[in-house]
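Top line first, the protein sequences correspond to chains S and D.
Per the working numbering, the very first residue in the first sequence carries number 1; after that it's consecutive.
Per the working numbering, the very first residue in the second sequence carries number 1; after that it's consecutive.
Certain hints may be false.
Derived lysine-lysine pairs resembling BS3-like cross-links, with alpha carbons at most 25 Å apart [what the hints assert, rightly or not]:
(1) LYS163/D to LYS65/S
(2) LYS65/S to LYS92/S
(3) LYS201/D to LYS65/S
Hints in this document: simulated from the structure, not taken from any laboratory.
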Amino acid sequence: MTIPTVRKPPGGRLLCLAPTDNVAVATAEFPIGEAAWLDDAQITMLDPIPLGHKVAVAPIAAGEKVYKYGCPIGTATRPIRVGQHVHVHNLKSDYFPTFTRAEPKTVEQESPT
Amino acid sequence: MNGYRRQDGRKGIRNHVVVAYLVECAHHVAREIATAWRQSGVQLIGFSGCYPNAYADRVMNRLCTHPNVGAVLLVSLGCESFPRQDLAETVRQSGRPVHTLVIQETGGTRATTAAGHAWVEQVLKQLNDTPQAELDVSELVVGTICGGSDATSGLTANPVIGKVFDWLVDQRATAIFEETNEMVGCEGHLAGRAMTPALAKELAAAVIKAEQYHRVLGHGSFAFGNADGGLTTQEEKSLGAYAKSGCRAVSGLLKPGELPPRGGLYLLDVVPDGEVRFGFPNISDNTEAADLMSCGAHLILFSTGRGSVVGSAIAPVIKVCANPETYRHLRDDMDIDAGRILEGRATLDEVAGELIDRLLSTAGGEPTASESLGHQEFLLTYKSFEPLGPHCLPAASGG
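Using the sequences and the accompanying hints, generate a full structural model.
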C-alpha cells in the first residue's frame with residue numbers, strides 16, 4: 001500500500017459554479033464522513049449528499065443568503081456548517097414557496113425584514 | 001474568417017437559397033423543390049397559417065433577408081392571405097434574387113415544381129459570385145436555446161454558454177438569450193444587470209409577463225421532481241437556465257423581428273403581449289430558433305441534457321451536450337461534450353474555450369453536427385406583439 005499524498009485529485013466530485021458561492025454541487029453520491037477536495041480545501045460530508053444536491057462549502061449563518069452561480073438562491077433558515085446538506089430543510093426561497101412531495105401545500109413565506 | 005457581404009452592410013456565415021411556402025397548402029410543392037437541392041444548401045422555411053398575422057409576416061420578412069440567406073423562392077398557393085408581393089419587394093430591395101411561384105397560376109403541383117427547380121438551378125450559379133468580405137467576431141449575432149434539458153444542463157452546458165456569452169460581449173459581438181418563462185425568480189437579479197433604470201423595469205416586466213402567461217396556460221415552472229433532483233427553490237431552478245446569459249450587463253430588450261442596433265447582450269422577449277390568444281408562445285425549440293433568427297442571429301448555441309437532435313434552417317446550431325452519458329449515446333448529434341465537467345475531466349473554462357473555437361470554425365464555414373446530418377427544422381406559429389417600449393434599445397453607437 002502506498003502512502004497517500006495530500007494533493008488535488010484529478011476527478012473533482014464537487015462542482016462550484018462561481019467563486020463567491022457558499023455551496024457546491026455533488027457530481028457523485030457521498031456517504032457521511034467521506035471527504036472531497038474543492039480546489040485546495042478538503043470538505044468532509046456531515047450528511048449523506050445525493051447526486052446533484054448541494055453541500056455547504058463555507059459556514060452559513062441563519063438568515064444569510066445561499067449563493068449558487070454567484071447569485072442568491074434563497075435564505076438559510078438555520079445555521080449550516082461546512083459539509084452539511086443544503087436543501088428544503090435549511091434553505092427557503094426568497095421568491096415564492098417550494099413545493100415538495102411530503103408537503104404539497106405552499107409554505108407561507110415570512111415577510112422580509 | 002470571411003462572410004458573405006449583403007447590401008445592408010450585414011455579413012452572412014452561410015449563403016443559403018431559401019424556398020418559402022406562404023401557407024401550408026404550398027408546403028408540399030415547396031418541399032419538392034427544396035429537397036432536390038438540399039446538398040447545395042437550399043433550405044425550406046414557411047408559415048402554415050392562412051389567416052394574416054403581423055408577427056409571422058414580420059418574421060418571414062426578416063428571415064428572407066437574413067444575412068445567411070442569398071436568394072429566395074416564394075411558393076404561394078394563390079388564395080392565402082399572406083402579403084406575398086410585399087415580401088417579394090422586401091427581398092428585392094435587399095439586393096437578393098427573388099422569384100414568386102403561385103401554384104394556382106402556374107398550373108398545379110407538377111408545373112410549379114418544375115418551374116421551381118429551373119429557378120433554383122440558375123440562382124445557385126448566380127450565388128457563386130456573392131461578394132465576400134472579412135468578418136470580425138464583433139459582427140456576429142449569436143443566440144442561445146436549451147432543449148431536452150435535464151439536471152446536468154444547468155451545471156455544465158448552460159454555465160459554459162454563459163462564459164462564451166461573456167466573451168462575445170467583451171468582443172463587442174451581439175449575444176441574445178430568451179426563455180423568460182424559465183427566469184421566474186431571477187427577474188430581480190436580471191433587472192440589476194440592465195444598463196439603464198428604465199430598461200431594468202422592462203426586463204423585470206418581461207419575466208413577470210411570461211410567468212403570468214404560462215400560469216394562465218396551466219404551466220408553472222417548479223415541479224416535484226426538481227426537489228428530488230436537488231433543486232431547492234424556484235430561483236435556483238431558474239438560475240440553471242439563466243446561467244446561459246452569463247454575467248455581463250444587459251444592453252437591451254428585443255421582440256421578434258427587432259434587430260439589435262449594436263453589439264452587447266440582449267434579452268429577447270418571445271412571449272406575446274396582451275391576453276393569451278394563440279396558445280403556447282413557443283410550442284417547441286425551433287420556434288425559439290425562428291424568433292432568434294428574426295433578430296439576426298447567425299448561429300445558435302443549443303444546450304441539451306437528454307439529447308435533442310434538432311438543427312435549424314438558416315442558422316447553424318452548435319449542440320452543447322450537458323450530460324456525459326447522453327454524449328456517449330448520441331455522439332454524432334453533438335458538437336461539444338460539456339458533460340466532462342461532471343466527470344472531472346475538464347473545467348468550465350476549458351469547455352468554454354472549446355466552444356469558442358467551435359463557434360469561430362462554424363462561422364468560418366465548417367458544418368456543425370446537425371448541419372452534416374441534414375437537419376434544417378423550421379417552425380413558425382401565430383403570435384401578437386405590441387411595439388417595443390421607448391427605453392428597450394440602446395443608441396446605435398457609443399457607450
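* Measure nothing beyond the straight line between the CA atoms of LYS65/S and LYS92/S; if it is 25 Å or shorter, mark the hint as holding. => Given pair LYS65/S, LYS92/S holds - Cα atoms ~10 Å apart, limit 25 Å.
* 25 Å Cα cutoff - pair LYS201/D, LYS65/S -> This hinted pair holds, its Cα atoms lying about 24 Å apart.
* Asked: Taken at face value, is the distance from the CA of LYS65/S to the CA of LYS163/D at most 25 Å?
  -> holds (24 Å)
Figure legend: structure checked against the earlier numbered hints; every hint is met.
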